[in-house]
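2 protein chains.
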Amino acid sequence: MNQEEKCCKDVSRRSVLVGAGALAAGTALAHLGGMLPTAAAKGGKTEKWPWPYVKLDPVKTAEICYDEWYRVFCGGAVINSVVSQLREKVGEPYTSFPSDSFTFLEGGQVGWGTICGSPAGANIVANLIIGPRIAGSPDGHHISADIMQWYSEANMPVFQPINPRVDPAKIVKTTSQSPLCHISVGKWMKEAGLSLKSAERKDRCARVAASTAYRLVELLNAWHDGTYEPTNNFSAASDFGITGQFNCMECHGDDVPEPPTSS
Amino acid sequence: MNQEEKCCKDVSRRSVLVGAGALAAGTALAHLGGMLPTAAAKGGKTEKWPWPYVKLDPVKTAEICYDEWYRVFCGGAVINSVVSQLREKVGEPYTSFPSDSFTFLEGGQVGWGTICGSPAGANIVANLIIGPRIAGSPDGHHISADIMQWYSEANMPVFQPINPRVDPAKIVKTTSQSPLCHISVGKWMKEAGLSLKSAERKDRCARVAASTAYRLVELLNAWHDGTYEPTNNFSAASDFGITGQFNCMECHGDDVPEPPTSS
Chain V
1 MNQEEKCCKD
11 VSRRSVLVGA
21 GALAAGTALA
31 HLGGMLPTAA
41 AKGGKTEKWP
51 WPYVKLDPVK
61 TAEICYDEWY
71 RVFCGGAVIN
81 SVVSQLREKV
91 GEPYTSFPSD
101 SFTFLEGGQV
111 GWGTICGSPA
121 GANIVANLII
131 GPRIAGSPDG
141 HHISADIMQW
151 YSEANMPVFQ
161 PINPRVDPAK
171 IVKTTSQSPL
181 CHISVGKWMK
191 EAGLSLKSAE
201 RKDRCARVAA
211 STAYRLVELL
221 NAWHDGTYEP
231 TNNFSAASDF
241 GITGQFNCME
251 CHGDDVPEPP
261 TSS
Chain Y
1 MNQEEKCCKD
11 VSRRSVLVGA
21 GALAAGTALA
31 HLGGMLPTAA
41 AKGGKTEKWP
51 WPYVKLDPVK
61 TAEICYDEWY
71 RVFCGGAVIN
81 SVVSQLREKV
91 GEPYTSFPSD
101 SFTFLEGGQV
111 GWGTICGSPA
121 GANIVANLII
131 GPRIAGSPDG
141 HHISADIMQW
151 YSEANMPVFQ
161 PINPRVDPAK
171 IVKTTSQSPL
181 CHISVGKWMK
191 EAGLSLKSAE
201 RKDRCARVAA
211 STAYRLVELL
221 NAWHDGTYEP
231 TNNFSAASDF
241 GITGQFNCME
251 CHGDDVPEPP
261 TSS
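Taken in order, these protein sequences are the chains called V and Y. Counting from 1, one number per residue, gives the positions in the first sequence under the numbering used here. Counting from 1, one number per residue, gives the positions in the second sequence under the numbering used here.
Don't read these hints as lab results, they were simulated from the structure. The reader is advised that the hints may include incorrect statements.
No copy is singled out in the list; a pair is fine if it fits within one copy or between any two copies.
[To be verified] Pairs of lysine-lysine residues, derived as DSS-like cross-links and limited to a Cα-Cα distance of at most 27 Å, are as follows:
1. 173 - 60
2. 45 - 55
3. 197 - 187
4. 89 - 45
5. 190 - 45
6. 60 - 45
7. 48 - 89
8. 170 - 197
9. 202 - 170
10. 170 - 187
11. 173 - 202
12. 45 - 197
13. 197 - 89
Fair warning: this is a prediction, and the values are worked out from it, not measured in the lab.
Extracted from the complex, chain V is given alone in its bound form:
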């Protein structure tokens, strides 16, 4: 089966894998793990995982995130919506983590349109708390993949704040099929017919951040309870021979390159 056929068959293949998420995710990690020569982490004083975690309220977290967007934008808002609460409930090491440094995640990293700051921020939080896969648990790695796939497939924004700054009727919903800011914002702007500078676009992004914070806390709470099961169900490296998304043809059209197989 060549690369193009693989991508064409992607939807049906993924349908087959629904419900087998943990197995698929395990396979993906085994592939990446093959690159790893050592399992030993080096050890600064906060590099002992997991960090202490107490379950948070997803709605409260999303409301904090929505407000924080207007101060530190998407990535900083997702990070601080969790870290600020854990500073109060737990203290260190959250007190020493400089959340506001991550304001630069805005606009897909200082406006470059790469990964949306919302999943980028969620990935940071999951791996801060659970730790990197090299320290023993694959769950932070899995939650990152879960978040990016969920973000790509969700009809965004999912969350609606109690006191919205913009009339919810003016915020259309779109599905990005990508965790990239440029794609996510671009599809929304096209559907809404509104500019990047519009109040609606800004509030849409604040709600996307809040939606992501909500989902992140659901996953962290399940992890804390021991009930977490990965839901991500593909590995681009294993399935397509290159890092990437699940939907090759959305960018490549009918001309999906075949990656070299020589090693």
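Place chain Y on chain V using the hints.
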């Protein structure tokens, strides 16, 4: 001038701007700054900037980064190549920063091919040390944009380690024209004719990380000396009406969408 014309004229426009980097960068930041309702950061105990910094040796940093890639991959390697040295030379707050949590930046965030971990890691370091733009200095924001543009335009990998794990003659050089992992790795694989799993691809990525750490330290040293001048010379938000890169037509071809202007 419509969007497509803007993109077609991009090279000449950028040529005009060479040497006017500080002015262009200032303009870009003013645009983003217009979204900001408050200049006050909230303040965990490490959220006072700048963090103490002492100048580092770019070559030594790159060598550490090259070795670290084989432990924590691109993003973790760039971060720890700087943080590990500053833990020794300065101590806190670097000692409390959990560098290894950022292993997940590998493969454009757990293999999803979004932003390459090397610029993602460099952006984190610059904004940890200098602080977010909302705390007063725009330099961390600028260095992030500088790093991504430099990364996109450099003939990578630039840096060659003293004791390479793979014969340098086997590591071809390519220009990504993008900070995205999927694009950067994909162009290299195509030129080299080698797979993602090949030892050459892995060593290429280790050298890309080392090259980025080298460039990051050059910029941080200049910032420390008070001689830093931004070199990034475009703002997608201001120039194209959407977050993104500089080269719209590489993905969109002749069909670059016109973003809505209603606000």
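Hint-by-hint comparison with the structure:
Taking CA atoms no more than 27 Å apart as the test, residue 173 paired with residue 60 passes inside one copy only; the shortest distance there is 22 Å, against 49 Å between copies. For a Cα distance limit of 27 Å, the shortest separation of residue 45 from residue 55 qualifies both inside one copy, at 24 Å, and across copies, at 23 Å. When the C-alpha separation of residue 197 and residue 187 is checked against a cutoff of 27 Å, the pair qualifies only within one copy, where the shortest distance is 15 Å, while the shortest distance between copies is 34 Å. Taking the shortest alpha-carbon separations for residue 89 and residue 45, both the intra-copy value of 20 Å and the inter-copy value of 16 Å come in at or below 27 Å.
When the C-alpha separation of residue 190 and residue 45 is checked against a cutoff of 27 Å, the pair qualifies neither within a copy, at 47 Å, nor between copies, at 42 Å. Proximity of residue 60 and residue 45 under a CA criterion of 27 Å is satisfied inter-copy only: 24 Å between copies versus 30 Å inside one chain copy. Proximity of residue 48 and residue 89 under a CA criterion of 27 Å is satisfied in both settings, with 19 Å inside one chain copy and 22 Å between copies. Taking the closest pair of Cα atoms, residue 170 and residue 197 come within 27 Å of each other only inside a single copy of the chain (15 Å); across copies the shortest separation is 47 Å, beyond that limit.
Proximity of residue 202 to residue 170 under the C-alpha cut-off of 27 Å is restricted to the intra-copy arrangement: shortest distance 12 Å within a copy versus 47 Å between copies. For the identical chains of this complex, residue 170 and residue 187 are intra-copy neighbours only, at 15 Å inside a copy versus 41 Å across copies, given an alpha-carbon limit of 27 Å. Taking CA atoms no more than 27 Å apart as the test, residue 173 paired with residue 202 passes inside one copy only; the shortest distance there is 14 Å, against 40 Å between copies. In this assembly of identical chains, residue 45 and residue 197 lie within 27 Å of each other by CA distance neither inside one copy nor across copies; the values are 43 Å within and 34 Å between.
Within a single copy, residue 197 and residue 89 get their C-alpha atoms no closer than 37 Å, and across copies no closer than 44 Å, so neither meets the 27 Å cut-off.
Consistency with the previously given hints fails for numbers 5, 12, 13, ordered from lowest to highest.
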